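**Student:** Listed here are the chains, written in short residue letters.
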Amino acid sequence: MKILTGNDLRTGAVIWWDGENWSLYVDNATDVGENGEEILAREEALRRVNVPYIIEAEATEDGIRPAHIKDRVRALGPTVRPDLTLQPKNPEALDWII
Amino acid sequence: MYAYDQYDQQMVDARVAEFRDQARRRLEGKLTEDQFKPLRLMNGLYLQLHAYMLRVAIPYGTLNSRQMTALGDIADKYDRGYGHFTTRQNLQYNWIKLEDAADILADLAKVEMHAIQTSGNCIRNISSDHFAGAAKDELIDPRPYAELLRQWSSFHPEFTYLPRKFKIAVIAAEKDRAAMRLHDIGIQIVEKDGEIGARFYVGGGMGRTPMIAPMIRDFVPLDQLITYSEACLRVYNRYGRRDNKYKARIKILVHELGAEEYTRQVEEEFAHMLDQGVEPPREELERIKPFFADPAFEDGPKTLDRTDPDFALWVKHNTHQHKHDSYVSAVISLKPVGGIPGDATGEQIRIMAQLAKQYSVDELRIMHTQNVVLPHVKIADLYAIWTALGAADLGAPNMDSIEDMIACPGLDYCALANARSIPLAQRISERFDASGKTEKLGELKLKISGCINACGHHHAGHIGILGVDRKGVENYQLSLGGSEAEDVSLAKITGPGFTEDGVIEAVEKVTDLYLNRREGEERFLDTYRRIGMTPFKEALYD
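So the protein sequences, as listed, match chains R and V.
Quick note, this note's numbering runs 166 ahead of the 1-based positions in the first sequence.
Quick note, this note's numbering runs 130 ahead of the 1-based positions in the second sequence.
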């Protein structure tokens with residue numbers, strides 16, 4: 167599947183396109199098929215996202231998993247600071263990145 | 131240390147106001163990211179993996195307790211409670227919001243700090259010896275000259291859009307503690323026939339094409355320092371490869387022209403410039419010098435009670451000989467076992483500031499090895515300092531050991547990285563600490579980069595590790611034999627790369643081989659240079 171990601175303009179936070187809006191959670195990402203470029207152009211023009219791009223991902227039993235490790239780090243947070251990730255009370259969540 | 135005059139403060143305040151307006155326009159949608167990006171980068175604001183990152187300049191690594199306190203406060207107020215000290219003697223915040231950035235710059239300006247020219251293709255923060263003005267082995271304090279260069283290079287209209295970024299280091303000792311020859315320009319203050327002058331090395335650097343800077347002039351009179359620097363820059367600005375980002379650094383120009391031809395062109399330019407009034411008035415240097423005058427050192431005890439073995443170990447590793455025999459420079463390690471190299475919490479930053487105020491003439495230095503120095507500490511105060519550092523988890527006795535590694539932020543934070551650096555650093559420090567081998571290994575400089583840009587200085591590590599992306603999986607190349615000191619050399623790759631577990635095993639193997647083969651007081655690097663790469667390769671791959 168193809169999903170869209172970027173950073174929030176105001177906060178810089180990593181965000182994912184959920185079909186209508188931008189979410190902090192990769193599991194909310196939606197498959198944009200071949201419409202990615204069109205959505206990105208529109209959303210960037212609306213200043214709702216910063217430096218957006220299309221990535222490959224996989225829908226798994228555990229949720230949506232970006233294909234590249236860099237985007238998995240972006241999706242969850244730094245592996246060396248579990249307390250600063252989106253799942254601070256679940257350090258084992260970091261296994262998902264690797 | 132240097133204090134802003136009205137011009138410095140006006141420049142910085144004006145830049146804050148200008149950036150505030152630029153950020154506002156970006157947030158209101160009046161500027162596109164393409165328009166805004168070069169403006170934010172001019173103010174040290176990057177967009178990294180998780181958020182905006184702000185890089186704050188610490189000129190030649192020197193700051194006072196008020197400034198350090200402000201850095202800690204900003205970490206707590208605007209970031210997530212910590213900052214990261216870098217290999218350029220700067221500080222980075224990893225979790226900055228664009229809507230806060232102008233306020234942070236304003237807070238910095240209140241304590242005579244900024245983030246100007248910490249990014250972009252301009253002359254970056256001038257770096258220097260972290261023991262400058264304190265070390266017994268230096269000729270003079272190099273920082274007045276670094277400050278003069280800072281003033282010359284700040285907003286220099288001719289050098290704001292260079293072919294690529296440009297880094298200058300200034301030292302004044304034979305011992306190189308600033309990786310001087312791995313800079314675009316390395317300046318060593320030297321004495322010749324009773325006169326003080328500058329020796330110029332040009333065209334060094336790390337990155338994807340590491341090079342050691344050749345010496346192009348063994349002596350430039352100090353009243354021509356800026357003119358000669360400008361001649362070096364001008365030739366580069368004219369002929370540097372703007373067509374290819376990867377060949378745009380001055381090292382490529384010097385290499386392609388040859389040092390001799392580059393030097394000829396610089397000398398020609400220099401001769402042309404000498405009567406053009408480029409050099410700042412001598413009075414400006416004389417105005418700067420008193421800011422770096424020695425504090426009033428007091429005689430005191432010159433020896434220590436070392437009956438506490440932990441204290442004795444810290445003193446042995448983390449203090450450096452001072453020019454006054456009642457003082458030392460004390461190194462605060464930001465490398466606790468299993469910690470993140472260079473990270474310090476807001477509270478730790480304020481504690482270091484307080485210790486500087488109480489015990490070190492209100493001064494601190496940032497080391498390019500991502501530690502902090504209290505430069506002027508009375509020997510009599512060392513035990514109290516060590517006790518306070520220990521209570522703040524800042525007392526690791528590991529300077530220049532394998533646990534004192536440099537590691538770039540890597541794939542945990544950096545948008546350019548291909549692999550994580552920090553977890554390797556953590557695991558290696560834990561492993562060597564647990565096995566007790568760290569002390570046996572002695573001086574061993576391990577440097578880890580998460581990509582070819584080499585912010586972790588892996589080319590210059592006695593042991594270097596480079597993280598690469600191998601079909602979407604982290605892989606690590608091991609290299610041996612580098613040095614960024616006065617015995618500068620570039621490390622050589624051992625062979626095929628390793629997994630994360632594999633490279634840690636590999637570090638264990640090469641250090642075991644060293645312990646088996648070393649003679650006398652040889653460091654790892656000395657043994658490597660004596661026996662060569664072959665035995666290490668055999669230990670790793672056979």
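Rather than coming from a laboratory, the hints here were simulated on the basis of the structure.
Hints should not be assumed to be uniformly reliable.
As the list claims (entries may be wrong) - Heads up, simulated DSBU-like pairs for lysine-lysine below, C-alpha to C-alpha not over 30 Å straight-line:
1. LYS419/V to LYS295/V
2. LYS167/V to LYS375/V
3. LYS207/V to LYS168/R
4. LYS207/V to LYS266/V
5. LYS168/R to LYS295/V
6. LYS227/V to LYS266/V
7. LYS207/V to LYS305/V
8. LYS255/R to LYS453/V
9. LYS375/V to LYS266/V
10. LYS207/V to LYS255/R
11. LYS570/V to LYS601/V
12. LYS377/V to LYS322/V
13. LYS168/R to LYS432/V
14. LYS266/V to LYS160/V
15. LYS305/V to LYS227/V
Stated by the list, open to error - Quick list of the computed label-pair ranges, beta carbon to beta carbon:
16. ASP261/R to ALA545/V: 36 to 46 Å
17. GLY159/V to LEU190/R: 37 to 47 Å
18. ALA389/V to ASP249/R: 49 to 59 Å
If you're wondering where the values come from, they're calculated on a predicted model, not measured in any experiment.
Using N, Cα and C, we set each Cβ at its ideal position, and we do this for glycine too.
**Student:** Hints numbered earlier in the text: which of these fail when held up against the supplied structure?
**Tutor:** 3, 4, 5, 6, 7, 8, 9, 11, 12, 13, 14, 15, 16, 17
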